[in-house]
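Asks: What follows is each chain in one-letter form.
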Amino acid sequence: MYSYHTDLVLKIDAALLILFIAVAVLTIVSVIFRDYIWRRRSHKLLNIKRNVYELILSGGKVDAKALLPEPEITPQQFLDIATNRNRDAVFFNEAEQKSLQQSFLSKKRLAEIERIAKNSWSKWRRIEAILSLGYAHAESSLSVLKKTLKARDKDVSYFSVIALGQIRTLASAKILLLFFRKHVAFGYKIFSVLEAFPPEIVEEVADLTHDLNPQVRAWAVRLISKLRPERYIKRVKEMTQDKNQDVRAAACTCLGELGKPDTQDALLKCLNDEFWLVRTSAVMALSKVMGKDCIPLIIGRINDPSLSVIDSVKNVMAEHMEATLPYIEKFLYGEDEISKRVALEVMGSSGYIEKVLKDILGGNEQEKRRAEYLLKGLVLSRAHSGLQGAILVFPKDKRKELLELVRNIDSAMADHIEKDIAREAGG
Amino acid sequence: MNLSNINYIIFLIFFGYFLLVMVFYLLLALLGMIEGRRRSWESEEEDYPLAYLSTIAIPVSIVIAARNEEEWIRDSLLSVLNLNYPKFEVIIVDDASTDRTLEILNEMLDLMAVDIPYVKHYKDGFVHTIFKSRKYPFVTVVNKDRGSLKKAGAVNAGLNLVRNEYVCMVDADTVLEQNALLKVMAHVQKDPDRVIGIGSYFGLSNGLKIKDGRVISSTPTFKPVIAYQTMEYIRSFIGSRIGWSRYNAMPVMAGGFSMWRRDVLYDLGGFSADFTCEDIEFTFRAHDYLIKNKEKDYRIIMLPYSVGWTEGPSNIKSLILQRSRWQRVTNETVFHYKYMILNPKHGSFAFLTLPYFLLYEVMGVFFGVTSALFVAVAWALKILDTRTFLAFLCLMVLSQALMSLVSIFSFVRINRLYRLPYISYLIFLCLVELICYRWIIYIAQILGTYSFFRGVKDFEQYTRAKR
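Chains A and B supply the protein sequences, listed in that same order.
Read in order, the letters of the first sequence are residues 1 to 427 in the numbering used here.
Read in order, the letters of the second sequence are residues 1001 to 1467 in the numbering used here.
The shape of chain A in the complex, shown without the other chains:
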């Protein structure tokens, strides 16, 4: 007879039961404690809000410390107020946030927060202190943030980026850019932070356009396009011929953002770049720089091997329909299938098919003639869906009239559209 170790199993049962009860109690206590902390936190914030309100009403004459039950505000409370992260409970408006900042962040207090940021054993307490320094715009604490930025712990380093991003001075930008040079993977975060900085930082950013790392150069030119410094146009134009494709594409986008006509030549060269993203960016940039005048220059790109480039040309065409119409007419009656498809899509996405139909029904003689010509082109190019969608917009009697016109060109298509419309309208 084998032993099934019943006693051992019973002991395991007992251990599991004790563990279950312990974890169950811990769970319930955690929920109660969590809710209590949340209420307490909200209550404290509410008190602070009330007092700050009084402080604002008194025009700052009343001593803040006399008003507040807890003048020693913690980094956590400060962040709750500065970022409104606890907004479900209490919301602080800008004036209240400012008033608090001035009243409570004394030199002594900042020194204490700096100490926590540097030395606290709790990582997340440290991070709260780091963020507090940022939201307090404590420029005097930059040296501390510079050190925490280089911390081995990725979270400490990451939130130091956020804190430096809040200070928004030339000095904090310099620290961030220096850090970026060594940690290029952080590019997205650092540059989304830097784009909120004042334009004075542009010189520091422009320095990066000469960096050996192409990713650094690309990010630099992207940021320049947000800061819009005209004095760097020449450098950005040079960058459209950079060895690296990402840099060239970013430079084109930047020239588009700057919108200066003297950058056309550089952009036109990029239309023939070997890399599709550069060509796409050049098309979009030319549209921003030249407006409708760019159409004849970019129209050839509808035969580009890259769909992205075709897409960008199409978007620009749809933006400037009047300038595009002669080309659309040519494409609709032409032989090239891709050009036809592009023409149909431009007509559809710009809502121009509806305009064509309206002109047929009520335009002047010249408009009507042109519209009829376009309609014929649309029907011959098999613009079934676009036409159907546009015809549906009109009342029943007008639909019939339009369908008759389509029938005169292609009766099978008219029947098809009629059937579909009847089905969509519920028979």
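If you're looking for bench data, these hints aren't it; they were derived computationally from the structure.
Quantities reported herein were computed from a predicted structural model and do not represent experimental measurements.
Fair warning: there could be bad hints in the mix.
[As the list claims (entries may be wrong)] According to the in silico footprint, chain A covers these stretches of chain B (three or more CB under 8 Å from chain A):
1) 1062-1073
2) 1320-1332
3) 1404-1416
4) 1420-1426
[Claimed, not checked] Taking lysine-lysine and the DSSO-like style, the derived pairs with C-alpha atoms no more than 27 Å apart in a straight line are:
5) A/Lys292 to B/Lys1190
6) B/Lys1190 to B/Lys1223
7) A/Lys330 to A/Lys368
8) A/Lys123 to B/Lys1190
9) A/Lys288 to B/Lys1135
10) B/Lys1190 to A/Lys146
11) A/Lys292 to A/Lys330
12) A/Lys174 to A/Lys150
13) B/Lys1190 to A/Lys174
Positions of the beta carbon are idealized from the N, C-alpha and C atoms, including for glycine.
Place chain B on chain A using the hints.
Replies: Here is chain B on its own, set in the frame of chain A:
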């Protein structure tokens, strides 16, 4: 060898299995707790307003595959239109709905049919019409035939039109939180070169009050079949996936809300219709592909934040149908990618996730049912005395209960979604899970395993209760 010998050997196998799975699960839950806590702190300190205002934000394409979703599509779409994110487009694929889904979309979006070039990068079936919204220019609707490609075909049709770097797949019955994209993309933005996939926790919307795409009261229903599913979601997301994510060994990105980098979707040819469902297989394939192509420095991440709510089965019959499907696709996928198991090339995924998947998700039903039967039969044949029988029964009940409870504990440390009465109720349900609920899942898993061996690949949609 007599009956007692056989019985004893079986006893040793099952006992060993129980201990192994329990220790594995508890370790995983512990890792999940540590990782989840870290993510929770991170989220609290994150500067979301800055991310929202950034023009450098990474643009996202949201793809929603909808088939007969007239009851849910309105709220789902409104929640997407209300999202706080600077740059996104929405592509909704109406997968040959026979109800009012397309009509509702038209009412909400004011659609116009457009003739746009449609390039089939992925297998998608026959596309009838592409519509653009007049009201929201960033919304596109595709109307297509279902064919044999199931949901995978619908999602692929949406993928054929996406333009942005990251693609978020959302179920048509999922209502997203307003900050869902911000929360997830804040993580992507830290390192888009490495993050190829990311998902986050979502709960069940059954019984919640939802108005105009927003959950206005998140007090959940106490209906046991829903509460048990909530518990399973917590166990799956918080108890396992967060732990796996810590070691880059995530086995599944749930279809309700998952985000993938577009180049990875493109390289892998989109979702496959050769499997019953598409989400788990795609995650396996992504791991496999990237490792085979020596791109070891990638990340597939699971986050613990609540990003939305999805509709779950509201009765036992629907639950069995859904879970048998899940079981079948799990078996199909593990069987298909069996060469990855304990393959040193595949790292933590091969040594951490796959053995667990094989033991717990694939063979768990066999061990669970057989061990219960074994104990009962042995007791009936008087091989086991009543005291031993009860001791084993308690072992099974308590180990199951503890596994669920540890996840609930992690969950309450991370999320404030549920209040004390509901958490207490879940704790009580843990204790009776094996007797009241687990058997339903076992039935579903047996059916799923049976249909797997029969080679069934259908995607049977269960009937959902009206909201």
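Asks: Hint by hint, note whether the structure agrees.
Replies: Hint check:
no.	hint	result
1	1062-1073	violated (count 0)
2	1320-1332	violated (count 0)
3	1404-1416	holds (count 7)
4	1420-1426	holds (count 3)
5	A/Lys292 to B/Lys1190	39 Å, violated
6	B/Lys1190 to B/Lys1223	41 Å, violated
7	A/Lys330 to A/Lys368	18 Å, holds
8	A/Lys123 to B/Lys1190	19 Å, holds
9	A/Lys288 to B/Lys1135	25 Å, holds
10	B/Lys1190 to A/Lys146	19 Å, holds
11	A/Lys292 to A/Lys330	18 Å, holds
12	A/Lys174 to A/Lys150	14 Å, holds
13	B/Lys1190 to A/Lys174	20 Å, holds
Checked against the numbered hints above, the structure violates hints 1, 2, 5, 6; every other hint is satisfied.
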